[in-house]
Amino acid sequence: MPALSLRSFDDTALLTELIAGNDTAFESIYHRYADKLFSYGSGFGFEKEVLEDAIQDIFYQLYTRRKDLNIRDLKFYLLRALKNHLLNHLRLTPSTTDIFSSEFHFSSKSTVLDELIKEEERQKIQAKIDEFLACLTDRQREAVYLRFIEELSCEEIADLMQMSPASVRNLISRAMRKIRDNYPIIMYLFPFFCR
Amino acid sequence: MIENYLTHTSIDFATDKFFLEWRILQTEESCAFWSRFVETHPDKQEVIQEAIRILQSVAINRKEFSFQEKQRALKCIRNRVRQENKRKARLLYPLLLAATVLVLLYIFDFLSTPLPDKASKDLVATMSEKTSSGNAEIQLILNDEVVLDIEADARIQYDSDGRVSVDSMLQKTVTDKVSDKKQIGKKDLNKLVVPKGRRTSLVLSDGSEIWVNSGSVVKFPSIFEGSTREIYVNGEIYIQVSKNKDCPFIVHTPSSLIKVLGTSFNVSAYAEDTREYIVLETGSIAVHLNNNETVRMQTPELLTIRGPGSYSVSEVDVYDYISWKDGIFRFSSERLGNVMLRLSRYYDLDIECGKEEADIRFTGKLVLFDDWQTVLDNITVISPVSYEIIDHRIYINYKK
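Heads up: the protein sequence lines correspond to chains A and B, in order. Every letter in the first sequence is one number past the one before it in numbering that gives the first Met the number 0, and letter 142, counting from 1, is 141. Every letter in the second sequence is one number past the one before it in numbering that gives the first Met the number 0, and letter 102, counting from 1, is 101.
For the record, the hints were derived by calculation from the structure and aren't laboratory data. The structure presented is a predicted model; accordingly, all values stated were derived computationally and were not measured. Keep in mind that the hints are not guaranteed to be accurate.
Heads up, simulated DSSO-like pairs for lysine-lysine below, C-alpha to C-alpha not over 30 Å straight-line [to be verified]:
1. A:K74 - B:K74
2. A:K123 - A:K47
3. B:K324 - A:K66
Which chain A residues face chain B? A few, computed with CB under 8 Å, are given here [what the hints assert, rightly or not]:
4. I18
5. H30
6. R31
7. F37
8. V143
Listing some non-contacts, in silico: residues in chain A with all C-beta distances to chain B over 10 Å [said to hold, decoys possible]:
9. E26
10. S41
11. L50
12. Y62
13. D67
14. D72
15. Y76
16. S106
17. K108
18. L112
19. E120
20. T136
21. M160
22. M162
23. P164
24. N169
Backbone N, C-alpha and C fix where the C-beta goes; we use that ideal spot for every residue, glycine too.
Could you put together the complete structure from these sequences and hints?
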């Protein structure tokens, strides 16, 4: 597979190659991001077929409009394109009951990929993380996902979720408070024990 | 409790909520606590590194396409790109074909069609004096002698004998039959002068119907004689040519000569404009340019003439260009600058549109029976601009 030869290229280099018309670069970008987009989109609860079509459209657009798009950050561009695409899909699908709401539900299901630990322990960790994230609201979960998994900046998350960077920080700190409420009381005392 | 942490395995850490808060939310408090913890308990560093590594391997909502699925998707995208390229090529193809056919046709046309000769060019040129006479009424000048003022709603009709009747709510005028003695030649053409802010329509002696837009002059004979029907236009007209395959209809404009048999099209050819636009609604036409080049047009095409030898053909929604005859302007993604140019001409206004504002794309329908204020008000509702009138001049700028 020729795409492999560009694996070591970073996004900026791939993007430059893509704009220059390098089809291999396009394939590398696809292989790098198709699954990430699939994962992010599935958090919103869309069917696999819908996401497959959406991702195809996004990459088609990326290819045909590569010279005009003026992309600063490839990952951020793709995530945003997917979210916009899915929002439009919701608006255009008549069966959707909640057409006036641009809010998405964002669910999360964790998977521990580390293969050195036992299956049993893996299950345990996954359960704890899921429990941890279950305390959050949909928006908090989406923000945490983008920060923790995709490592986007607060500014990028703010853009994606249509809010100010300050409210993203706020959202995350509120998320923490909510989790704390579920902590055993002893946790609050912990820092003192340490001293 | 602290003892608990001291005996924690990496799995214990990875399932601890406060540890998760540090790794996932990275709150200030948790960061401070855990960096301090590692500092004070260096023996735990290895276990904590291990726990961090485990959590780094956590994926949320992990979904993967199979390799086959990815290959299939890439193939689909490639096919779509290829089809789009083909579609673009298909738009170009008829032009190339037409070009080769034209080489053959041109020889015949050259022999049979009077090309825009010097005399007819002069005739069009003399029309640029047009509406500057200061008269704000539509005038029909018959054979350089009789001048009829035409009401705005009047219908001007020539019958097959060359008699003209002007029919309006207020008056009905019928002229005599064109005298047989009088030689009908280019000098004896009728002239219809439509000042800015007015428009009218006219039926020629062969039954062809012309809508004449604001600020235009049209010259035509009372009856068509000879083997061609020829008229001269400086400005904008929409014309439905009645079919007569033995007698081609020819429209002379400042930069072209349009030859048709029976068809309808719009020509916007104001001498003061840098561009001339011809839009074909039905049938096909041949346009001879001043540099002796010939362009054959198919519907629904727009021919833009920028100057001698410089032109382009594109497919358009024809109604956008002829809607003015029905008293509306319809625009799809038109530059606001062009919208304002059309309005200034239609209503005889002095409009200045800011440079950036001119590039705003405007889509919508403007009803021209309204007065210009209503039309401009409607534009400000659907686009981000407002207007201001200073010294009889209208300035279009972004809303503040």
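Verification of the hints:
no. : hint           : result
1   : A:K74 - B:K74  : 22 Å, holds
2   : A:K123 - A:K47 : 28 Å, holds
3   : B:K324 - A:K66 : 40 Å, violated
4   : I18            : 15 Å, violated
5   : H30            : 7 Å, holds
6   : R31            : 11 Å, violated
7   : F37            : 4 Å, holds
8   : V143           : 6 Å, holds
9   : E26            : 6 Å, violated
10  : S41            : 5 Å, violated
11  : L50            : 8 Å, violated
12  : Y62            : 6 Å, violated
13  : D67            : 15 Å, holds
14  : D72            : 21 Å, holds
15  : Y76            : 17 Å, holds
16  : S106           : 7 Å, violated
17  : K108           : 6 Å, violated
18  : L112           : 4 Å, violated
19  : E120           : 5 Å, violated
20  : T136           : 14 Å, holds
21  : M160           : 16 Å, holds
22  : M162           : 17 Å, holds
23  : P164           : 16 Å, holds
24  : N169           : 12 Å, holds
This entry does not satisfy hints 3, 4, 6, 9, 10, 11, 12, 16, 17, 18 and 19, going by the numbered hints stated previously.
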